[in-house]
Amino acid sequence: MPVSTFTALRSRIPAPVIASEPLAERAAITRAAAGIGLYAGAFGVTFGAVAVRAGLSVTQAVTMSAVMFTGASQFALVGVIAAGGSLLAGVSAALLLGLRNAFYGIPVTRILQPRGVRRALAAQFVIDETTAMAVAQSAPRAGRYAFWATGGALYTLWVSGTLAGALIGGAINTSALGLNAAAPAIFLALLWPQLSQERGAAVAFGAAVVAFMLVPLVPAGVPIIAAAAVAILAGLLPDRRREKSQE
Amino acid sequence: MMTTLWIAIIAASLGCYGLKLAGVSLPGPVLNHPRVQRISGLLPVAMLAALVVTDLFGGNGHYTADWHTLAGVGAGAVALRFGRSPLIVFLVAIAVTALTQLI
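From first to last, the protein sequence lines stand for chains A and B. Following the working numbering, the numbering of the first sequence begins with 10 at its first residue and continues without gaps. Following the working numbering, the numbering of the second sequence begins with 38 at its first residue and continues without gaps.
Derived from the structure by calculation, the hints contain no laboratory data. All values derive from a computational prediction rather than experimental measurement. There's no promise every hint is true.
Taking CB as the label site, the calculated pair distances span [said to hold, decoys possible]:
hint : chain 1 : residue 1 : chain 2 : residue 2 : range
1    : B       : Pro66     : A       : Pro225    : 15 to 25 Å
2    : A       : Ile177    : B       : Ile140    : 23 to 33 Å
3    : B       : Leu139    : A       : Ala129    : 47 to 57 Å
4    : B       : Phe119    : A       : Val227    : 28 to 38 Å
5    : A       : Glu34     : B       : Phe119    : 21 to 31 Å
6    : A       : Ala141    : B       : Leu139    : 19 to 29 Å
No residue lacks a Cβ here, since even glycine has one placed at the ideal position from N, Cα and C.
Model the full assembly from the supplied sequences, consistent with the hints where possible.
Okay, structure coming up:
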């Protein structure tokens, strides 16, 4: 499946990538992209099932995956809907979580230098995994290949996984399958590697405390928005001079 | 209700795409400001932590907890501690949650 995605993608790969000599890292990048795609497919199925259980139609679930295409934001919005929270809070949470993709645009633009229609298409693929794959390559050409390969595999499998999950989600008992743990486990897995950044652990702890204390006081979704204040406060504090050079 | 839900979905979807498009379109200096970058790096940390907490302990404006889910996510955390990939963490979490429900 990832291989066919890949062949389909190849015809659309921007000209600089299809250069005369073969790309040495191509096979390794392709394997990594296929692995990420499979994992996205499994999460896509979960998202589809969780979305339908929250009250979305199949079309609405697939629209979210195709247009929003950024997992944490999608799970956040659907989670607020499922908890009966205000839609405004859900949309705000989705947008605040999606803000990081704007910043991923900086390194991606440096590597891809996209123009016109290609820029509009590249923008949709700018998420955690594609950015990480693109910046991990040593040469810009390999970076471009990694970006489009990962983006194509991820997008295809995330959207088709969502469709599959939304279709079967209504028919199966998602709670018996343990899917109640899916969203918090995914959030935790996304959070984990980010704790090592400066002030990361402190911000996570502060945000968790703020959100927990607000639960009985405000409507569902609002505790998540309020937690953003912890990040903004921590970010405004003056930079600690790097006294230690760990990680 | 259906229509409001559609509006929310479309607004959030287009908004998230707009943020991505801004990232590949805006001139570098706007997003390159160190303070702006620091806040944007910490925002997901704060919100993901809040999402974990509200998913586990807070439903519709009151405290709730389901020990099956807690056990599953706890097992997922142990898998993370041992450096497992997100896919493994996810599978461990749902498997443990499902299995404890059989007890």
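These are the hints, each one checked on the structure:
1. Take proline 66(B) and proline 225(A): their Cβ atoms lie about 44 Å apart, and the range 15 to 25 Å is violated.
2. The supplied range of 23 to 33 Å is met by isoleucine 177(A) and isoleucine 140(B), whose beta-carbon atoms lie about 26 Å from each other.
3. The hint said 47 to 57 Å for the Cβ distance between leucine 139(B) and alanine 129(A), and at roughly 49 Å that hint holds.
4. One distance hint, 28 to 38 Å for the beta-carbon pair phenylalanine 119(B) and valine 227(A), holds here, with the actual separation near 36 Å.
5. Range check, glutamate 34(A) to phenylalanine 119(B): Cβ separation about 29 Å, and the 21 to 31 Å hint holds.
6. For the pair alanine 141(A) and leucine 139(B), the beta carbons lie near 37 Å from each other, so the given range of 19 to 29 Å is not met.
Comparing the model with each earlier hint shows violations of hints 1 and 6; every other hint is respected.
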